[in-house]
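Colleague: Sequence:
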Amino acid sequence: MTLPVTALSILLSSVPALAEPSLALVDPGAEPRRPLRFHPAPGTTEQVRMTMEMASQMAMGGTTMPAMKIPPMILDLDLEVLEIEADGDIRYRFTIADTGVGAGDDVGTDVVTAMSAAMQPLEGTSGEVTVSPTGVSRDATLTPSAGADPQMVADMRKSMANASAPLPEEPVGVGARWTLTSDMNEGGLQFQQVASYELVELTDTTITLRVDVQQSAEPQAFAPDGLPPGATAVLSHMGSKGSGSTVLRFDRVMPTRSDMQMHTDMTVNLQAQGQSMDMQNSMDMTTTIAPR
1202 MTLPVTALSI LLSSVPALAE PSLALVDPGA EPRRPLRFHP APGTTEQVRM
1252 TMEMASQMAM GGTTMPAMKI PPMILDLDLE VLEIEADGDI RYRFTIADTG
1302 VGAGDDVGTD VVTAMSAAMQ PLEGTSGEVT VSPTGVSRDA TLTPSAGADP
1352 QMVADMRKSM ANASAPLPEE PVGVGARWTL TSDMNEGGLQ FQQVASYELV
1402 ELTDTTITLR VDVQQSAEPQ AFAPDGLPPG ATAVLSHMGS KGSGSTVLRF
1452 DRVMPTRSDM QMHTDMTVNL QAQGQSMDMQ NSMDMTTTIA PR
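1202 is the number of the first residue of the sequence shown in my numbering; add one for each residue after it.
Derived from the structure by calculation, the hints contain no laboratory data. Bear in mind the structure is a predicted one, so any value in this text is a computation, not a measurement. Fair warning: there could be bad hints in the mix.
Unchecked claim - Beta-carbon label-pair distances, calculated as ranges:
1) Thr1246 / Glu1370: 36 to 46 angstroms
2) Thr1314 / Thr1433: 29 to 39 angstroms
3) Ala1473 / His1240: 47 to 57 angstroms
Virtual Cβ for every residue (Gly too), placed ideally from N, Cα, C.
Turn these sequences into a full structure, and let the hints steer you where they fit.
Modeller: What follows is the structure, encoded as structure tokens:
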């Protein structure tokens, strides 16, 4: 049985919202203030690299398993702005140009080979995304490459639909703070995510944001991928906290630089064939986006 939050899902760093996320401006910040809007020109191209590293520790039935560290997972993306619509919405195309797995400490070559083989079919996958001038996703379509895993393709679509940080409609200045609250679903697990943003630097062409993320879920039954027929899974606890920073250019659609660290603790009760067992999992993840 796979965990409800898979490694690739984390790399792609997004899950679908059950309802429209709610953005609330907490503090407009210091003067001078101005509206923040993305405005890339048609034909603008970008080449970025997304990288994720993860370590996890699991215990089942009171027995602690050996810690697991996954080597860096890499996606290289090519992007091109296709059109700026009359209302300012931005339509762009993306293509997965390359995938890879970096060297990791205490990771066997067989693990690297298996991960590389799993990711390689994603190469050539492409799609189109439309976002508002404030970074709000309007639409995302995707054309998978031959042999691409359907779940990986779905994760990729979700990721690209939410690649940019959302900006408030109101004029803001340095020190501005806002939150984005979303009701989420991943692997049948419903939870709430609250992302808090603080504008720490503002220039004519860029903004730097501090980002803090919290995720929480009520106890619930759910059906994670790979759950055997007749088995049940009940979440008793889930808590995630993360922080990082992102640098955005107003004339680009992807962050110039983004770094995020997340820690997640989860306890799930598994029941199958008359037996019950608690599974505790702790995960630490680091994700980065950078030019290549």
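Colleague: Range first: 47 to 57 angstroms. Now tell me if the beta carbons of Ala1473 and His1240 are that far apart.
Modeller: holds, 54 angstroms
Colleague: Range first: 36 to 46 angstroms. Now tell me if the beta carbons of Thr1246 and Glu1370 are that far apart.
Modeller: violated, 28 angstroms
Colleague: Kindly confirm whether 29 to 39 angstroms is satisfied by the beta carbon distance between Thr1314 and Thr1433.
Modeller: Since Thr1314 and Thr1433 have Cβ atoms about 35 angstroms apart, the given range 29 to 39 angstroms holds.
Figure legend: structure checked against the earlier numbered hints; the only hint not met is number 1.
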